[in-house]
Amino acid sequence: MPTYKLIYFNARGYGELARLLFAVAGVPYEDIRVERASWPNEYKAICPFGQMPLLEVDGKILAQSSAIARYLAMEFGMAGKDNWEQARIDMVVDSFGDILQDMRVPYLETDPEKKEALVKQFVGESLPKRLGYLENILKENGGGQGFIVGDSLTWADLGVANSVDYLKLMCPNPFENFPLLAGLVQRVREIPQVAAWIAKRPETAT
Amino acid sequence: MPTYKLVYFNMRGRAEFARLIFAAAGVPYEDSRIEMNGWPGEYKDHCPFGQLPVLEVDGKVLAQSIAIARYLAKEFNLAGKNNWEQALTDMIVDEFTDIMAEMKSLWFEDDPEKKEALTQKFNTETLPRLLGYLEAILKQNGSDEGFFVGGSLTWADLGLVSINDLLSVACPGSFNNFPLLAGLIKRVRETPRVAEWIAKRPNTPR
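From first to last, the protein sequence lines stand for chains G and R. Read in order, the letters of the first sequence are residues 1 to 206 in this note's numbering. Read in order, the letters of the second sequence are residues 207 to 412 in this note's numbering.
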């Protein structure tokens, strides 16, 4: 078994999907957390793009959170059973990337009036629109009571569940009107390894 | 061989990456282009997220431009020789996506003064820094006849050509200080199948 090190801030953020994969796979790794106040530190020089998270596998370095998560998912057999399923998973994960992109502007806006308007637009329009498509994709996968791609747990399902944590920064119950997505999140959180990880992980604001 | 149909607008945009991959692999496909005034039309309902591009493979549908490109790259053996190499190609392509995301936030700034300031910052700081990281990766590979990953052409190299299409219009001269990147772009553009595609593709503003 290779030696794994994940290096990120002491936050869930862009590192949490990798941590969930390690947890579900039951694979040990060094969960290195850097306090924001001490960044940049000595790790910055080895970051291919100057940013974390980083994954070290037997000393070799990989950057970019999605590339890291996909690599781990492939290694741990949670990436779909063929190229096509892998691509459908990528598609679902990329759409959360789009949601995050939409979220940036309202999240980072400091002017309270502007922020209120931008958050209202995100929560009221762009988020439900994107979640609607995802709810449909889930429904089309055998009725939506299982997984979002294929017939077993993949990193797409973990990505859906993980997204609730950051969407809650914008609205209290992001999947309120999307029962199939909400059901999937519940099922993922009840997986013993996921529940155990969520219970023991450091509690951080983001 | 499956039947491939790529559906997008009549522009390079987010579909050109996939078109370059088809070209480099020498695989035929239907390059279906929808005029802007024909959108949204009846095709929108086929789109998993209501957006283009979409790839149809024997009638099955895939969305998200990078998921499409990665799928094709893997099908055509242009995505690295193993999981690790594939992850490295993913990492590099994610960096292109980050560059595009920076550009997008520029374009969507309405206030002319802010836009000018952001554009300045992008051209003199952000873009050179991001390209510098990519140049360093090529340098680390130890040869100036090199490719990004594994010593042979992958979709990461084609992605560089694709982003160069965009940057050469929006930020001309951006590769002037990055000889290894500029050299790789030139070599890939001059490979016979890629050169043939570039010569015959519809000439569109973007």
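These are calculated hints, taken from the structure and not from any lab test. Wrong hints could be hidden among the right ones.
[To be verified] Which chain G residues face chain R? A few, computed with CB under 7 angstroms, are given here:
1. F49
2. I61
3. Q64
4. A67
5. Y71
6. K81
7. N83
8. A87
9. M91
10. L108
11. E109
12. T110
13. P112
14. Q186
[Said to hold, decoys possible] Computed footprint of chain G on chain R, listed as stretches where at least three residues anywhere in the stretch have a Cβ under 8 angstroms from a Cβ of chain G:
15. 267-277
16. 300-309
17. 317-325
For glycine and all other residues, C-beta sits at the position ideal for the given N, C-alpha and C.
For each hint, the structure was consulted:
| no. | hint | verdict |
| --- | --- | --- |
| 1 | F49 | holds (5 angstroms) |
| 2 | I61 | violated (9 angstroms) |
| 3 | Q64 | holds (4 angstroms) |
| 4 | A67 | holds (4 angstroms) |
| 5 | Y71 | holds (4 angstroms) |
| 6 | K81 | violated (14 angstroms) |
| 7 | N83 | holds (5 angstroms) |
| 8 | A87 | holds (4 angstroms) |
| 9 | M91 | holds (4 angstroms) |
| 10 | L108 | violated (10 angstroms) |
| 11 | E109 | violated (13 angstroms) |
| 12 | T110 | violated (14 angstroms) |
| 13 | P112 | violated (19 angstroms) |
| 14 | Q186 | violated (24 angstroms) |
| 15 | 267-277 | holds (count 8) |
| 16 | 300-309 | holds (count 4) |
| 17 | 317-325 | violated (count 0) |
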